[in-house]
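K.L.:
As a plain string of letters, each chain reads:
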Amino acid sequence: MIIPEFEYVSPQSVQEACALLVQYGDSARVLAGGSDLLVKMKDGLMKPAYLVSLKNLDSLKAIRYETGTGVIIGARATHNEVMNNRLLQEKYRSVCEAAHSMAADQIRNIGTVGGNLVNAVPSADLPPILIALDARARIVGSSGERTIALEDFFLGPGKTVLEKGEILAAIIIPDQPTTGSNYIKFGLRRAGALAVAGVASSVTVSDGTCRDVRVVLGAVAPTPMRARQAENVLRGKKISRELIDETGRIAAAESKPISDIRGSIEYRRNLVNVLTRRSLKAAIEKGHI
Amino acid sequence: MSEATTKEFSVIGKSVPKIDARDKVTGRAKYTGDLKVTGMLIGKILRSPHAHARILSIDTSKAEQLPGVEAVITAKDVPATFYGISPARYDETILAIEKVLQVGDKVAAVAAVDEETAVKALGLIDVEYEVLPAVLDPLRAMDEDQPQIHPQYERNISVEIHQDFGDVEMAFQQSHLVRTDRFQGNRATHVPMEPHAAISKWENGKLTIWSSTQSPHYFQYHIARVFGLKMGDVRVIKPTVGGGFGGKLEPSAAEYVSAALAMKTGRPVKIVFDRKEVFFHNRGRHAQHIELTTGVTKEGKILGVHGKYIIDGGSYTSLGIASAYYAGAMLPLIYEFDHFKFDCFRVHTNLPSCAAQRGHGAPQPRFAFESQLDMIAKELGMDPIEIRKVNARRPNTMTLNDLKVNSCEFMACLEKAREISGWVGKKGKLPPGQGIGIGCGGFITGAGYPIYRTRLPHAAAIVKVSEQGDIATLYIGAVDIGQGSDTILAQMAAEAIGINYEDMRIVSADTETTPHDFGAYASRQTLMSGHAVKQAGEEVRRQIIELAAELLEASVADLDIDRRVIFVKGSPEKMLPFETVANEFFIRKGPLMGKGSYTPPKLGGKFKGAAVGTSPAYSFAAQISQVEVDEETGQVMVTNVWDVHDCGTVINPNLLHAQVEGALFMGMGEAMYEQVVFDDKGRPLNANLGEYRVPTALDVPQVISELVDSYEPAGPWGVKEVGEGATLPTMGSYANAIYDAIGVRLYDLPLTPEKVWRAIHERKKPS
Numbered sequence: 001m002i003i004p005e006f007e008y009v010s011p012q013s014v015q016e017a018c019a020l021l022v023q024y025g026d027s028a029r030v031l032a033g034g035s036d037l038l039v040k041m042k043d044g045l046m047k048p049a050y051l052v053s054l055k056n057l058d059s060l061k062a063i064r065y066e067t068g069t070g071v072i073i074g075a076r077a078t079h080n081e082v083m084n085n086r087l088l089q090e091k092y093r094s095v096c097e098a099a100h101s102m103a104a105d106q107i108r109n110i111g112t113v114g115g116n117l118v119n120a121v122p123s124a125d126l127p128p129i130l131i132a133l134d135a136r137a138r139i140v141g142s143s144g145e146r147t148i149a150l151e152d153f154f155l156g157p158g159k160t161v162l163e164k165g166e167i168l169a170a171i172i173i174p175d176q177p178t179t180g181s182n183y184i185k186f187g188l189r190r191a192g193a194l195a196v197a198g199v200a201s202s203v204t205v206s207d208g209t210c211r212d213v214r215v216v217l218g219a220v221a222p223t224p225m226r227a228r229q230a231e232n233v234l235r236g237k238k239i240s241r242e243l244i245d246e247t248g249r250i251a252a253a254e255s256k257p258i259s260d261i262r263g264s265i266e267y268r269r270n271l272v273n274v275l276t277r278r279s280l281k282a283a284i285e286k287g288h289i
Numbered sequence: 001m002s003e004a005t006t007k008e009f010s011v012i013g014k015s016v017p018k019i020d021a022r023d024k025v026t027g028r029a030k031y032t033g034d035l036k037v038t039g040m041l042i043g044k045i046l047r048s049p050h051a052h053a054r055i056l057s058i059d060t061s062k063a064e065q066l067p068g069v070e071a072v073i074t075a076k077d078v079p080a081t082f083y084g085i086s087p088a089r090y091d092e093t094i095l096a097i098e099k100v101l102q103v104g105d106k107v108a109a110v111a112a113v114d115e116e117t118a119v120k121a122l123g124l125i126d127v128e129y130e131v132l133p134a135v136l137d138p139l140r141a142m143d144e145d146q147p148q149i150h151p152q153y154e155r156n157i158s159v160e161i162h163q164d165f166g167d168v169e170m171a172f173q174q175s176h177l178v179r180t181d182r183f184q185g186n187r188a189t190h191v192p193m194e195p196h197a198a199i200s201k202w203e204n205g206k207l208t209i210w211s212s213t214q215s216p217h218y219f220q221y222h223i224a225r226v227f228g229l230k231m232g233d234v235r236v237i238k239p240t241v242g243g244g245f246g247g248k249l250e251p252s253a254a255e256y257v258s259a260a261l262a263m264k265t266g267r268p269v270k271i272v273f274d275r276k277e278v279f280f281h282n283r284g285r286h287a288q289h290i291e292l293t294t295g296v297t298k299e300g301k302i303l304g305v306h307g308k309y310i311i312d313g314g315s316y317t318s319l320g321i322a323s324a325y326y327a328g329a330m331l332p333l334i335y336e337f338d339h340f341k342f343d344c345f346r347v348h349t350n351l352p353s354c355a356a357q358r359g360h361g362a363p364q365p366r367f368a369f370e371s372q373l374d375m376i377a378k379e380l381g382m383d384p385i386e387i388r389k390v391n392a393r394r395p396n397t398m399t400l401n402d403l404k405v406n407s408c409e410f411m412a413c414l415e416k417a418r419e420i421s422g423w424v425g426k427k428g429k430l431p432p433g434q435g436i437g438i439g440c441g442g443f444i445t446g447a448g449y450p451i452y453r454t455r456l457p458h459a460a461a462i463v464k465v466s467e468q469g470d471i472a473t474l475y476i477g478a479v480d481i482g483q484g485s486d487t488i489l490a491q492m493a494a495e496a497i498g499i500n501y502e503d504m505r506i507v508s509a510d511t512e513t514t515p516h517d518f519g520a521y522a523s524r525q526t527l528m529s530g531h532a533v534k535q536a537g538e539e540v541r542r543q544i545i546e547l548a549a550e551l552l553e554a555s556v557a558d559l560d561i562d563r564r565v566i567f568v569k570g571s572p573e574k575m576l577p578f579e580t581v582a583n584e585f586f587i588r589k590g591p592l593m594g595k596g597s598y599t600p601p602k603l604g605g606k607f608k609g610a611a612v613g614t615s616p617a618y619s620f621a622a623q624i625s626q627v628e629v630d631e632e633t634g635q636v637m638v639t640n641v642w643d644v645h646d647c648g649t650v651i652n653p654n655l656l657h658a659q660v661e662g663a664l665f666m667g668m669g670e671a672m673y674e675q676v677v678f679d680d681k682g683r684p685l686n687a688n689l690g691e692y693r694v695p696t697a698l699d700v701p702q703v704i705s706e707l708v709d710s711y712e713p714a715g716p717w718g719v720k721e722v723g724e725g726a727t728l729p730t731m732g733s734y735a736n737a738i739y740d741a742i743g744v745r746l747y748d749l750p751l752t753p754e755k756v757w758r759a760i761h762e763r764k765k766p767s
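If you read the sequences in order, they're chains A and B.
Position 41, counted from 1, in the first sequence is what this note's numbering calls 41; the numbers after and before it change by one each time, with no gaps.
Position 378, counted from 1, in the second sequence is what this note's numbering calls 378; the numbers after and before it change by one each time, with no gaps.
Treat the hints as calculated values from the structure; they're not laboratory data.
Heads up, some of the hints might be wrong.
[Claimed, not checked] When the alpha-carbon atoms are kept at most 25 angstroms apart in a straight line, the in silico DSS-like pairs for lysine-lysine are as follows:
1) B:Lys276 to B:Lys36
2) B:Lys24 to B:Lys14
3) A:Lys256 to B:Lys755
4) A:Lys286 to A:Lys238
5) B:Lys606 to A:Lys42
6) B:Lys378 to B:Lys426
7) B:Lys301 to B:Lys416
8) B:Lys378 to A:Lys42
9) B:Lys120 to B:Lys404
10) A:Lys286 to A:Lys256
11) B:Lys341 to B:Lys764
12) B:Lys62 to A:Lys47
13) B:Lys120 to B:Lys276
14) B:Lys341 to B:Lys298
15) A:Lys42 to B:Lys416
16) B:Lys608 to B:Lys308
17) B:Lys298 to B:Lys427
18) B:Lys120 to A:Lys47
19) A:Lys55 to A:Lys40
20) B:Lys206 to B:Lys404
21) A:Lys61 to A:Lys91
22) B:Lys230 to B:Lys206
23) A:Lys159 to A:Lys281
24) B:Lys427 to B:Lys62
25) B:Lys404 to A:Lys42
26) A:Lys238 to A:Lys256
27) A:Lys47 to B:Lys276
28) A:Lys40 to B:Lys264
29) A:Lys40 to B:Lys404
30) B:Lys120 to B:Lys264
31) B:Lys416 to B:Lys14
32) B:Lys427 to B:Lys404
33) B:Lys416 to B:Lys429
34) B:Lys62 to A:Lys42
35) B:Lys276 to A:Lys40
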């Protein structure tokens, strides 16, 4: 496999990177881990003339807590860095588990959180759990910085809200009253398999009542999607098995899967139903976020 | 038990480390892709984007002008000789002549100074195609309205087989129960870690090829024939090989095209397939559509079997004619019955060619048979192991298709598998969603006849002792492709000579420096190459003892050698070190050498296709699997597998159990995960390791691999095969375990979660 020719640039600052992206426009792509991009280039699916590497931008790598803001995950953090990060393990273990469900060690060692999000692959494993935890995307551009709900980040397969010259800098998980969260991936192999369907959920439970809930589906719509109607079934209600079953059924109904070589529409809807139930049950019972 | 099994061996029977283990784990071992030859160019092949098309024109002028390009070739620049595996079905050429027959078919090739330039040059070749309708459904391939792929094969029939033994209709009439069921196999493929690779050098009229091959001999034969060279002017060298599984048993475009480019440029040319090209070349498992009818008495005794098959051969015949015959020939092996009819159509489609893969043609029919046997047992109210015991083959019997079975401990395999798996406490007694199932198998230990007609022995060996007597080198054409033949043959040589394993060196699989051997396929080397090695080693031993007798003034009959010490039996103080005698031998008589060769006895019956399935010896195995099924998602977790093998005397227990595990995991992949799928234009949708999923270390069950006492009189020291037999039972044992768990029968491989879920769903529907 041969990678097509390209110009490689490695800016020293985020501002310089943004400026280069403005200058090169559509002929440039951002290179972080390369686990998606380089493969696509070798397959001839993408032929960027410029690769703007983020490798010198250490400010984009840290995972830290900022009072008043929350946990900040630098976009360049690798999946294994997320998986093994103590802060995340203590505060949002489900995110570490989702990172662990991906690919294999070799890819988790180079693939980045930012890459996983910006590629906007419908089956990506991190978006569902991050959206379930109400994560925000911090986007930096040549004219400044903006922060949006990650839920609003994705427009379609391979499409995000990033404008020309913008870089996804970090993901922020705000402090929250959530009592439990969970991500279940259904792949056709225990490692190195894309999700046929994935469901993440987060719940805020007190006195047996579901004060708040988020259910986010992966691989069953053009983008990761909130199952809002399903959430409404449970939100504010006393938790019962029947209600959780109903939530699963509604989530399946509102999902928008396609048939492909990994699974049919009917099978994916079934998985959404089953995984939603299981994910909610785990989020309610496990007692960690 | 024979006496031989009770003898204490010095070297064989021990789990010595693999002879190349250190080189492999340190990265020192060199595979073909690692090699560099001075002046070497890189070759690349332009492949067809269409499943079926006429080539109208090829314009190579732009590619030729690209700096760094040394040659661009099309069919007109290479021999138009058709090749394949049997002369009646030579139907493939180095590059496509008029038509391309599959996506990925070979259209043109370039040699350039580096890979980048070669790839760029491919993009500059203009090919004009007339796209033709393609045959993509094997079940429709014989229909009148389908295009004909090869001019010589009407209705796209590649191979048609009708074998009829006994009177199957009468058997069915006499049966208490006759069942007909349809099963469908999958297009699985080998997925060797190392892709196909070759470097060709053309110098002074001699072609030297370093190749990732399972058989330097067959490669030498075919390549010499296609290029019109003497076999002596073709040298095939096998470097370290990273797996073959049947996919490297015939030369691929890596060899043919690199050779053509080397001849054209006068410079060495290397071609290494990328993973997609490995899928295009394929030669993997045929997807078999099997209708199986079996009649039994009320005691479960099988009276007759009728198998009707349509199997998808893909674009070229390749080794597929043998696969088609094996699909029937292996069915009567492990159970005894007298009436059998086998009808098979191997059809061409415009998909990659199918050929030999571990278990060659036999695993999918075995899946069908083992599944149906369980269905029959259920109808009769019999335990699945009991019905197998009622029919199990016994030693020293002849199958209805004239296969002569010597050793056979199948009954012992069944009993031991039942015992170690805890079958009695589990069958029908596990909690809902859990189940246990059995599947069995058996396989040849080397084919009774070579792939092309020749009177050459099947294996040969030379052992040469060094002048100082410190080491001995085994020269052998047997091919280590990762399975460990170099190791076990070195153990055998050391045992036969009377020296230590550590004293052995090995030079293997180079048509110029090592004697002829047919190579690594059909599970043949331990028995066949082993025979040649034993004979060669014993010849050295005899010469050493003769000289030692003279030096010790003792009689030959009184001397023995063990681990480098030559001594008088009963008076061990009268001894000489091996090196002293070997050194003295060289001084007095010159090189101390031994040689051996092996030809199997004449085997098999007289009917058409009788040669397929013949073998000096057969292995037998019973495999029991335990599964947990998630009924909501259809996901199946195989938690445990117990495999009990009858494989004769064991030369290296660790390597043997590794073969069982490897075969089982490969069978597991085919059973549950693997299938090459295509779009409606014949383009593969999963020609990569992300979407063509082989099981990972996390997916495989705990495996208990056990043996039964067995001694095969046709094998050196009583050995027989293990490497392929353990692939055969797995699919059936999984399907039967799933049935036990959830009461749902699956007929189509692979047994994916979605299929399991659908089957459960269907069952739950009110009828």
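K.L.:
Measure nothing beyond the straight line between the CA atoms of B:Lys416 and B:Lys429; if it is 25 angstroms or shorter, mark the hint as holding.
P.N.:
Answer holds: B:Lys416 to B:Lys429 is near 20 angstroms, not above 25 angstroms.
K.L.:
Sort out whether B:Lys404 lies within 25 angstroms of B:Lys206, counting only the CA atoms.
P.N.:
violated, 43 angstroms
K.L.:
Within a Cα-Cα threshold of 25 angstroms, do B:Lys120 and B:Lys404 meet the stated pairing?
P.N.:
violated, 57 angstroms
K.L.:
B:Lys341 and B:Lys298 were given as a pair; does the straight-line alpha-carbon distance stay at or below 25 angstroms?
P.N.:
holds, 22 angstroms
K.L.:
Assess, step by step, whether the Cα of B:Lys416 is no farther than 25 angstroms from the Cα of B:Lys14, and give holds or violated.
P.N.:
Holds: B:Lys416 and B:Lys14 sit about 23 angstroms apart, inside 25 angstroms.
K.L.:
Given the hint that B:Lys427 pairs with B:Lys404, test it: the Cα-Cα distance must not exceed 25 angstroms.
P.N.:
At roughly 34 angstroms apart (the allowed maximum being 25 angstroms), B:Lys404 and B:Lys427 break the hint.
K.L.:
Need the status of pair B:Lys24, B:Lys14: alpha-carbon distance at most 25 angstroms?
P.N.:
holds, 21 angstroms
K.L.:
Would you check the hint for A:Lys42 and B:Lys416, treating anything up to 25 angstroms between C-alpha atoms as holding?
P.N.:
With Cα atoms ~52 angstroms apart, A:Lys42 and B:Lys416 exceed 25 angstroms; violated.
K.L.:
Please work out if A:Lys159 and A:Lys281 have their alpha carbons no farther apart than 25 angstroms.
P.N.:
violated, 32 angstroms
K.L.:
Compare the distance between the alpha carbons of B:Lys301 and B:Lys416 with 25 angstroms, and conclude whether the hinted pair is satisfied.
P.N.:
holds, 22 angstroms
K.L.:
So if I understand the rule, the pair passes when the alpha-carbon distance is 25 angstroms or less; does B:Lys120 with A:Lys47 pass?
P.N.:
holds, 14 angstroms
K.L.:
Is A:Lys256 within 25 angstroms of B:Lys755, Cα to Cα?
P.N.:
It holds: about 21 angstroms lies between the C-alpha atoms, which stays within 25 angstroms.
Figure legend: structure checked against the earlier numbered hints; hints not met, in rising order: 5, 8, 9, 10, 11, 15, 20, 23, 24, 25, 26, 28, 29 and 32.
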